[in-house]
Amino acid sequence: MCSNVYSSALLCDCDSVCVCVDCRLSTANIFLSFSLFILHHLSNSTTLFTVHHRRVHSFSSSISPSFFGVLASQARISLSLSLGIYQSLQTSKISNNCVFPTMSSEPVAKDNKDFDIIDNVVLVNVKRTGVSGLPSTTSVISGIMEGLGAKVLLSSQDSSKGTVCFVVYEKEVDAVAAALESRFQKESVDGCHSKVEVIPNCSILSAVDQEGADSPGVGVSFINAQAKENVNVLAIAQGGSETTVTVVLKKEDCTRALQAFNSRFYLSKTTIAMGIVGPGLIGATLLDQIRDQAAILKKDFDIDLRVMGIIGSTRMILSDLGIDLSRWRELQKEKGEVADMEKFTQHVHGNQFIGNTILVDCTADSNVASLYYEWLRRGIHVITPNKKANSGPLDQYLKLRALQRQSYTHYFYEATVGAGLPIISTLRGLQETGDKILRIEGIFSGTLSYIFNSFIGERAFSEVVREAKQAGYTEPDPRDDLSGTDVARKVIILARESGLKLELSDVPVQSLVPEPLQVRVCHVRESFKLHC
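For the sequence shown, position 452 matches number 553 in our numbering, and the numbering has no gaps at all.
For the record, the hints were derived by calculation from the structure and aren't laboratory data. In this text the structure is predicted, and so the values were computed from the model without any measurement. Ideal Cβ placement from N, Cα and C applies to all residues, glycine included. Hints may be right or wrong, so weigh each one.
[Unchecked claim] Computed Cβ-Cβ distance ranges for the label pairs, DEER-style:
id	residue 1	residue 2	range
1	L254	Q497	39 to 45 Å
2	I544	G600	20 to 26 Å
3	I397	Q532	53 to 59 Å
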């Protein structure tokens with residue numbers, strides 16, 4: 102085989118697939134190849150996985166240290182990004198009848214789609230039991246509203262007619278609530294039990310789609326879009342023609358509700374707001390990859406990917422329309438501001454016309470990893486090669502995974518083990534189809550593989566380590582590799598993926614770091630300052 106070509110195969114009892122990759126391809130093209138491999142369920146280069154039907158006997162890796170090092174330093178994030186972009190955007194159907202402007206912050210609506218928002222309203226819930234022989238709740242409310250000259254903006258009731266909710270203006274709610282309480286207090290002597298609940302600070306969002314009658318499930322898809330943005334719908338009403346959907350929600354949720362609305366009704370393509378945390382070696386390579394692949398993403402996948410923010414340990418750059426990635430380094434120097442993680446997050450996630458937000462953590466920082474839970478809770482998709490969250494305390498890991506399953510968000514961490522190799526997704530797929538994992542084997546540290554293949558006694562060990570760090574093969578702190586911590590974290594991640602509830606301390610390691618060097622020195626430049 103030509104030395105410039107690597108092969109890989111995914112072997113099963115009945116089928117096998119072999120893919121050859123010319124390693125003279127540019128880094129960006131290799132990244133694209135990874136994306137296509139994953140989307141077609143193929144394996145990528147340099148690794149042979151042997152799978153026996155219903156049982157996994159081993160993952161056997163045969164890795165060229167130098168090639169592994171290149172992947173570890175430059176492509177570690179690419180696989181997770183590909184999965185995250187593609188899968189997180191297949192969760193909603195996007196209308197092709199409207200357009201989103203390329204360089205404008207306002208959506209362009211067609212005549213057949215519109216929306217309306219009414220602020221400063223209050224939702225009133227009325228619950229009655231034991232109302233047999235008494236006027237219905239609806240008629241009682243109607244009589245009171247008519248007597249007060251108040252206006253019902255929206256109403257809904259359950260099938261028993263005992264529970265009714267309706268919306269009125271804030272300025273009218275006190276009089277309405279007092280009148281209801283007075284009326285129901287009189288009824289209590291007849292055995293009727295009533296409760297009036299007032300929910301303030303609400304808004305009404307009405308979405309109109311004149312083509313909705315021809316599209317089944319418009320109301321469901323609209324509500325589903327709200328759920329994906331973590332918007333809690335308090336009440337809903339839909340016209341019989343399915344052209345209008347009206348929801349009541351908390352006023353502070355309006356921005357996210359508009360994000361969901363615009364994603365569903367105004368975007369001709371899937372538009373993503375992305376934030377990059379850590380523009381170091383991995384982050385910078387990722388930004389260059391996105392720059393090089395932007396045209397392909399738009400043409401072949403109909404994806405408009407906009408990097409709205411880039412944050413390092415000390416500086417950050419933000420943009421309302423998307424950063425020009427051809428000169429992001431210059432822009433960070435010229436227009437960068439002091440790094441503030443909360444401001445960064447709010448900016449990337451706060452664009453009301455882009456409903457999909459992805460934050461990519463390209464660091465190895467535990468402080469950044471600690472933010473994943475809050476990001477997912479806010480409806481932000483997370484992609485990361487950072488091992489700290491998935492190998493941290495077991496209880497925190499379990500909470501993170503539980504939230505991700507419940508919150509309509511995606512959390513991709515394929516690159517935490519094996520760089521660009523699809524180990525975790527393969528492992529997960531095997532388990533989902535009933536396979537039992539018996540053993541996992543592999544070279545878990547490309548760094549140590551490189552170092553010990555290069556250390557032949559002619560140079561000092563420290564010189565080889567320094568060379569590996571300069572080449573980008575090591576973790577930001579090489580002691581993570583030499584101490585065995587990096588391998589231990591990968592083992593824990595794979596163990597937890599296999600269903601084992603283990604802590605990092607359960608993995609025995611023998612450190613290669615001399616004891617005087619084991620004490621960590623924290624430099625401000627290397628640690629993210631979180632202003633939350």
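The hints, checked one at a time:
Restraint check, L254 to Q497: a C-beta distance of roughly 44 Å satisfies the suggested window 39 to 45 Å. Against the hinted window of 20 to 26 Å, the Cβ-Cβ separation of I544 and G600 comes to about 23 Å, which satisfies the hint. Between I397 and Q532 the CB atoms are about 33 Å apart, so this pair departs from the stated range of 53 to 59 Å.
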